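A.B. asks: Per the working numbering, the very first residue in the sequence shown carries number 1; after that it's consecutive.
Hints were generated in silico from the structure; no laboratory data involved.
Values in this document were obtained by computation on a predicted structure and should not be read as measured data.
For glycine and all other residues, C-beta sits at the position ideal for the given N, C-alpha and C.
Be aware that one or more of the hints could be misleading.
[Stated by the list, open to error] Straight-line alpha carbon distances no greater than 16 Å define the calculated EDC-like cross-link-like pairs of lysine to aspartate or glutamate that follow:
id : residue 1 : residue 2
1  : Lys-130   : Glu-318
2  : Lys-130   : Asp-310
3  : Lys-85    : Asp-36
4  : Lys-86    : Asp-36
5  : Lys-255   : Glu-268
[What the hints assert, rightly or not] Restraint ranges, calculated between C-beta atoms of paired labels, are given here:
id : residue 1 : residue 2 : range
6  : Tyr-257   : Phe-164   : 23 to 31 Å
7  : Ser-308   : Ile-128   : 16 to 24 Å
8  : Val-178   : Glu-99    : 47 to 55 Å
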Amino acid sequence: MLAYIIRRVLLIIPTLFAIMVVNFVVIQAAPGGPIDQLVAQLEGRAVSATARVSGGGGETVSSGVKVGGSEQTRASRGIDPDTLKKLERLYGFDKPPTERFLMMMRNYLTFDFGSSFFRDRRVMDLIIDKLPVSISLGLWTTLLGYLISIPLGIRKAVRDGSRFDVWSSSVIIIGYAVPSFLFAVMLVVLFAGGNYWHIFPLRGLTSENWSSLDWWHRIVDYFWHITLPITALVIGSFASLTMLTKNSFLEEISKQYVVTARAKGLSERRVLYGHVFRNAMLLVIAGFPGAFVSILFTGALLVEIIFSLDGLGLLGYEAAINRDYPIMFANLYVLTLLGLLLKLVGDLTYTIVDPRIDFGTRGA
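Could you put together the complete structure from these sequences and hints?
C.D. replies: The structure is reproduced here in C-alpha cells:
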C-alpha cells in the first residue's frame, strides 16, 4: 500500500504540470488580456476592472503568471507605444511565453502565486480570505448530501416499486431538474425577508459583531448564516447521488451471493449492511472527491452571489472577467492539486469500505 501511495503522489507532479501547460497555452492564445483590460479602463470602456498602475519605477505586480494580449488590438486603440512597453514590462509580458511559464511553475512549487493584477494584493492572501466561505459551503453540502442520499437511496432500493419509491422519485426529479440558484432565490423570498418571513440573514458568513460573541453564540450565528445557502446546495445536489446509491444497491441485491446469504438465514439488515453495503458503496465513494471539489470551487458561484458570500467561486469568476491571470492560474493550480489528492484519498477509502481491495498488489 505504501508503494502505491508513493506512485500516486509522484504521478501528481506530471499530471499537474500537463494541466497547467494546456491551460497556459489556451489562455495565451485567447484574445484580450490584462493590458487590454487596463487600456479599456483608461479609455472608459472597461466593464469591471480596478487596476492600479504604478509610476515609471515598474513595480512588479505579479510573480510569474503573465499572459499577454493582442498587439494589434492595442495598436488600433491609438495607445502610445512607449506606454504599452512600460505596461508590458510592468506585468512581465516583455519575456517570452516559455520563460514566463517556467517562472510561474517555479514559484508555484513554493505556493508563491504573486500578486493580483487588479486587486493590489497577494493572491495567496486573497485565497486564504475566501477559503472559510468555500470550505463551509463545500464541506457541509457534501457531508449533508451524503448523509441524506445514502440512507434514502438504500431505502428506495429495498422498497423498489413501492409508493414510497414513487413519490420520493418525484421529489428527486424536481431536485435534479431545478438548479441550486433557483432554490436559493425561493429560500430568500420565503425566509430571508423577501415577501414572507425574515428568519435567516441574507448576507455574509457571520454577523458583524461575531468576534465579540462568546463561543456558543459564535457557533449558533455561523450556522444561522449558512442554513439557507447550504439548504439550496443540498437540494440541488442530492438527487444524482441518491439514484446512484439506489441503482448500486439494486445491482448488488440481485447477485447470487445475496441469495446465498438470505438462504443461510441471515437477517435482512445483516445482508444489506454486512454484505451488500461495502460492494454498493464503491461507486458512491468514487464520486466524493469530485463532488467536494466541484462545490468548493465552482458549484456554489451563483449561490455565493445570491447570499453575498465572497468565496473562491466568486473570486475566480471575477478574475476571469477581469483577465486577472495570477488569480485564475492560482485557482486552477489549487483546484487541480486538491482534486488529485482527494482522488488518492478516495482510493484509500475503498480499502476501508472493502478490506478485500488491495492497491498495493497492483503493478507500477
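A.B. asks: Look at each hint and say if it fits the structure.
C.D. replies: Against the structure, the hints come out as follows:
no.: 1; hint: Lys-130 to Glu-318; result: holds, 13 Å
no.: 2; hint: Lys-130 to Asp-310; result: holds, 6 Å
no.: 3; hint: Lys-85 to Asp-36; result: holds, 13 Å
no.: 4; hint: Lys-86 to Asp-36; result: holds, 13 Å
no.: 5; hint: Lys-255 to Glu-268; result: holds, 15 Å
no.: 6; hint: Tyr-257 to Phe-164: 23 to 31 Å; result: holds, 26 Å
no.: 7; hint: Ser-308 to Ile-128: 16 to 24 Å; result: holds, 19 Å
no.: 8; hint: Val-178 to Glu-99: 47 to 55 Å; result: holds, 48 Å
In this structure, none of the earlier numbered hints is contradicted; all agree with it.
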